[in-house]
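**Q** As a plain string of letters, each chain reads:
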Amino acid sequence: MVEIEIDGQLVNAEPGEMVIAVTDRESISVPRFCYHKKLSISASCRMCLVDVEGAPKPQPACSTPIAEGMKIHTQNEKAVASQKAVMEFLLINHPLDCPICDQGGECELQDVAVEYGSDVSRFSEGKRIVAPSDIGPLIQTDMTRCIHCTRCVRFGNEIAGIMEMGATGRGEELKIEPFLAEGITSELSGNMIDVCPVGALTSKPFRYELRSWQMSSIESIARHDLVGSNLYAQTYKGNVKRVVSGDNDAVNETWISDRDRFSYEGLSHENRLLSPQIKVEGQWKEVEWDVALDFAVKGLNRNILNSRNMAKLGGLASNTATLEELYLMQKLLREMGCENIDHRLNVKNLNNTIHLKSTMALADLEAVDYGLIIGANLRLEQPMINHRLRKAQLSGANITALNVKDFDYNYKVKSNAIAPSEIANTLAGVLKILLDKAQQELPEYLLAVSPNKQTVELANELLEADNSVLILGEHLINNAQASSISNLTAEIAKLTNSTTLNLTATANSIGAQQMGFVPNSTGMNTNEMFEADMCAFLLLDIYPEYDFHHSATALSALSKNDVFVISLNSFSNELVSQYSDVMLPMAAMFETSGTHMNIDGKMQSFSAAVSAPGEAKPVWKILKVLADLLELPGFHYENSAKVMEGISHQSVQSHEHDTSVNLGDRTTLVETIWMHSPYQSDVLLRHADSLSVSKIGQINTASMNASTAKILSLSDKDSYLGVPVEIIETMADQCVFVSSNQATNIGGLK
Amino acid sequence: MISNNAKKQIDSWITKYPQGKQSSAVMEALKAVQAENNNQLSHDLIQAVADYLDMPGIAAAEVATFYENYNHQPVGKHIIRFCHNISCMLNGADDLILHLEAKLGVKTGQITKDGLISVKKVECLGACVGAPMFQIGDQYYENLTTDKIDEIVDGLK
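Protein chains in written order, with the numbering used here: chain A, 223 to 972; chain B, 2 to 158.
Not one of these hints is a red herring.
Over the 10 Å line for every Cβ pair with chain B, so calculated as not near, a few chain A residues: (1) Asp-229; (2) Lys-459; (3) Lys-716; (4) Leu-777; (5) Lys-824.
Calculated pairs, BS3-like style, for lysine-lysine (alpha carbon to alpha carbon, straight line, at most 30 Å): (6) B/Lys-17 with A/Lys-634; (7) B/Lys-8 with A/Lys-634; (8) A/Lys-260 with A/Lys-917; (9) B/Lys-122 with A/Lys-349; (10) B/Lys-122 with A/Lys-397; (11) A/Lys-260 with A/Lys-306; (12) A/Lys-864 with A/Lys-579; (13) A/Lys-636 with B/Lys-8; (14) B/Lys-22 with A/Lys-636; (15) A/Lys-613 with B/Lys-22; (16) A/Lys-579 with A/Lys-824; (17) A/Lys-636 with B/Lys-17; (18) A/Lys-397 with B/Lys-22; (19) A/Lys-659 with A/Lys-579; (20) B/Lys-22 with A/Lys-259; (21) B/Lys-108 with A/Lys-397; (22) A/Lys-636 with B/Lys-9; (23) B/Lys-8 with B/Lys-78; (24) A/Lys-824 with A/Lys-716; (25) A/Lys-501 with A/Lys-534; (26) A/Lys-636 with A/Lys-917; (27) A/Lys-397 with B/Lys-121; (28) B/Lys-22 with A/Lys-260; (29) A/Lys-349 with B/Lys-121; (30) A/Lys-397 with B/Lys-32; (31) B/Lys-78 with B/Lys-121; (32) A/Lys-716 with A/Lys-570; (33) A/Lys-397 with A/Lys-426; (34) A/Lys-659 with A/Lys-716; (35) B/Lys-108 with A/Lys-349; (36) B/Lys-114 with B/Lys-149; (37) A/Lys-634 with B/Lys-9; (38) B/Lys-22 with A/Lys-634.
Please keep in mind that the hints were generated in silico from the structure rather than gathered at the bench.
Where a beta carbon is used, it is the ideal one built from N, C-alpha and C, also for glycine.
Excised from the complex, chain A in its bound form (with noise of 0.2 Å):
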């Protein structure tokens, strides 16, 4: 620490460290355009002009280190007059659009000139203009306006991973375009609307809708990943019109993914179901809340209450609830005295599952020397932890990555593309070379496996680093190894000091495991309640062709005549209105109050920031009312923070798991992952339409090599399962990886 002096006033800083971070840090105001903290310094705009005692010029306070003694001013005459002159050069070329500009009343341009502008240009030659490019669906250009701060190429190139934006030309040619005629196409574009100071980069779905004043500015929380991001939802007049990114740097510093921020405009989508339905002989029909209610208890008495059938019930809930719902709804299961309750909807085998535990802080990420992603394309599922783990690498961290397919990364990974069967005999050879080396016994599985040149790569690297990080991924929920893979990874884990990331399953899944949405040890899993003769169901937010991997049986259990089936939707669907008897309208995400937990097994709550469109109610509220009438005890809650009272009090029951390993060979010909595409993984994200367009949100492509290909006998003009087939090399041998943004083929082979 040295002592320095700003404004006449004495200011500890760190040697070394720019003034404007200290000025800001002391909230001294300094102007600034190019300048942004999570950035590089550019030091291009020099808006940031302050007088430093002894420099014969001004220096800017971005890129001018704090040296022992030194006296800065940002607000004498030389400072100013050299702000001014800054000014007035940037305003040069900048047009006077102010009025039809989107940025207008939050534009750093605007807040700035008003102080340091002046009211008359000197300057009277023309403007320049600068054509606007089309660069995708998400973000609107307005070229004319930019004022070359470098901010949107310096987030490209330093957090998205990918260069997109670019400053061509020179001089007064000078022009920040992308390259590539298809546009920005990163998972985290939408931050350069954030970042650009001017009206340059603005939100194309909002274009023209509003002034920002006129909005209120709601915290929420993401719930569309396992991140929780922090942002605000903006709203007016009940709707909410654009998301922005909000700051905590232990969960999404100050980024937000795409996803997260043009998902609300699924809200406003005209397929949201509005009213309480029940069906009537065979037809809907819009009633009043305690109307649908009412059928909803009589159903659930007449088929399982009067006989007192609990065991034929059964209770399924989407990743995406809150907390507060899935505790009430396993509440209301419960005290009902019904065990079959899920939220894994889309596994093939729920006796063979990945249930490692997560044990690895989102922030200590940046941190770790190695990374082992096996079966995941993070970059996409998991964009936030993505970026913490490419920060990692570019810190000099060495990431290798076990997928059948060699994703597009955007850091540097070792990959190799491996067919599913391997991972497990792999992460066996692995084990076997670790217990080797440590002199421990070797369990009877892994006698006869013989480690080969890939195994001891990994089992070396892994030795190597200090603080390692193994990351299980959603390709692996299905893998006919996936409990097997689970407890090896935990066990090398073990072995090597690493922590362990799961990422199996994504949104609020932890959180609907800490709230017990399981089954006990009594109860059915999701698969086994549609293999039995099951007579009623409680559905929350469930779109069968979507998120069943059973979809096929799925329906015609949830279609029999005599079944009664309760779904509490937020969407209608067509699937939904056939097999059920009451359809329930619920709030979506940013319409209700709750908790989401995220990886870390931080809990983050935030409020409703609009009231949901209709009749459609918050989801604790209408599973409180249904305990009621069905005089269940223990539901007397005013809010959801009152639900969130009783759930700080729930103790979490710890399952028993298989911890057998299974090595198995490879018994299809050829192995097929099934995944849906990234923008299609919730309801909201599957109505949000901007993304739908959006690069990401077209991805629908069966890849596969040539040799695959051709044994499957098909050509790139084809389709596999439905879905359009791609001949890459980059796959494993005998193997397809499907991303679809289409319901399931049902019916189909998946």
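Assemble chain B onto chain A, guided by the hints.
**A** Using the frame of chain A, we list chain B on its own:
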């Protein structure tokens, strides 16, 4: 897209930079590729150079559009690079450019009908001492006057 000959040249430039800094060779790489493609760079050629040097296409495009010695439009056999920066401008470059345009019957950026000459306005070539000046090929022509320009241009074959 890049010929083996150009690749050979690029590879030799890469060796002059530290390992992993191959993208530093981008200027020479663009030059070598341009020389083999009618003295002109296309979008695809820039991308090919970027791919070869393992750098983003836009980063190569930034370089290719910053410097005047890369051409993005068809050019003549001889390119007259006329400096119009401050020293040359103060010494009458603007009028001389008009003279040259009138003589050749083309505007800057265009090619004469016979495909022999094109004119390009460029930024400072570092020869302010001899302003006004232009460059043809590797040769600088300084202290230009209308007569001198006529003589030089008439001598181009």
